[in-house]
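Heads up: the protein sequence lines correspond to chains A and B, in order. Just add 3 to the spot in the first sequence (first one is 1) and you have the working numbering. Just add 313 to the spot in the second sequence (first one is 1) and you have the working numbering.
Hints are supplied without guarantee of correctness; some may be wrong.
Cut-off 25 Å, straight-line C-alpha distance, at most; resulting in silico cross-link-like pairs (BS3-like, lysine-lysine) [said to hold, decoys possible]:
| id | chain 1 | residue 1 | chain 2 | residue 2 |
| --- | --- | --- | --- | --- |
| 1 | A | Lys71 | A | Lys61 |
| 2 | B | Lys324 | B | Lys370 |
| 3 | B | Lys384 | A | Lys105 |
| 4 | A | Lys52 | A | Lys113 |
| 5 | B | Lys370 | B | Lys384 |
| 6 | B | Lys370 | A | Lys105 |
None of these hints come from the bench; they were simulated from the model. Please read all numbers here as calculations on a predicted model, not as lab measurements.
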Amino acid sequence: AQSVTQLGSHVSVSEGALVLLRCNYSSSVPPYLFWYVQYPNQGLQLLLKYTSAATLVKGINGFEAEFKKSETSFHLTKPSAHMSDAAEYFCAVSEITGGYQKVTFGTGTKLQVIP
Amino acid sequence: DTGVSQNPRHKITKRGQNVTFRCDPISEHNRLYWYRQTLGQGPEFLTYFQNEAQLEKSRLLSDRFSAERPKGSFSTLEIQRTEQGDSAMYLCASFGWGTGELFFGEGSRLTVL
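I would like the entire structure built from these sequences, with the hints used as guidance.
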């Protein structure tokens, strides 16, 4: 069964500092991987996705993630944090099972940006 | 707006009452998902539709929960005899087969008093 582990439920960074949010996955087949962002009282918005093409994936708002099969990781990074990046971030893994696309989410990492 | 639409956005109800949420997916998406999200957790899968057929249900979906998608367009999620443990955000998403991603609505937040 597929699963996602996000290390650190809360991460604090200073404005302008590097953002690193960690995600490790488990999947029995080559997975699709996603990062979603959620602002308070809103739904989830896709940041970026890995679908077995390039291992370094660039997304919106300056975020990127690198798929490392040997480490079963898909960590999210941004070189310089902005105040508007404060939100909750969810890593997700997707695979086709039973004829449908099953998407499993991690428990989320809340990012705090300190001015 | 051609995104996923959910209503109501917020619902406060007393324990034991029935509630219904509606989801209007992106029109060309034939696959629709319902998720539940509680505080501090990621979204948990509830059920999945392909067109009007409900093809998968999670064990989280007790017999008090029922979901329908009568004409393969909008979907409803009904919770009967609500309990305080049902308090959560209920998220609907439609699946873009070409893009391989879920598009989420803004969710319906349920508070059971």
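Against the structure, the hints come out as follows:
no.	hint	verdict
1	Lys71(A) <-> Lys61(A)	holds, 15 Å
2	Lys324(B) <-> Lys370(B)	holds, 24 Å
3	Lys384(B) <-> Lys105(A)	holds, 23 Å
4	Lys52(A) <-> Lys113(A)	holds, 19 Å
5	Lys370(B) <-> Lys384(B)	holds, 19 Å
6	Lys370(B) <-> Lys105(A)	holds, 11 Å
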